[in-house]
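Kindly produce the complete structure, drawing on both the sequences and the hints.
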Amino acid sequence: MEYIFRPDILAMEGLICLCFYLMYRVHRKFEDSPANKV
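Sequential numbering from 87 applies to the sequence shown in our numbering.
Estimated spans, in silico, between C-beta atoms of each pair:
1. D118 - E88: 40 to 48 Å
2. S119 - E88: 45 to 53 Å
3. P93 - K115: 30 to 38 Å
4. M98 - D118: 29 to 37 Å
5. F91 - R111: 24 to 32 Å
6. I90 - D118: 40 to 48 Å
Everything labelled a hint here was simulated from the structure, so no lab data went into it.
Glycine residues also receive a C-beta, built at the ideal position from the N, C-alpha and C atoms.
This is the structure in structure tokens:
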């Protein structure tokens with residue numbers, strides 16, 4: 087299994103990971119917000 091490190095593919099994967107991370111953080115923030123714990 088040989089994987090060639092191409093800058094464009096690497097940037098694309100990084101962008102996708104960042105998007106998932108941000109969605110996860112926003113979801114957690116809304117989940118833990120005090121407004122939901124009334």
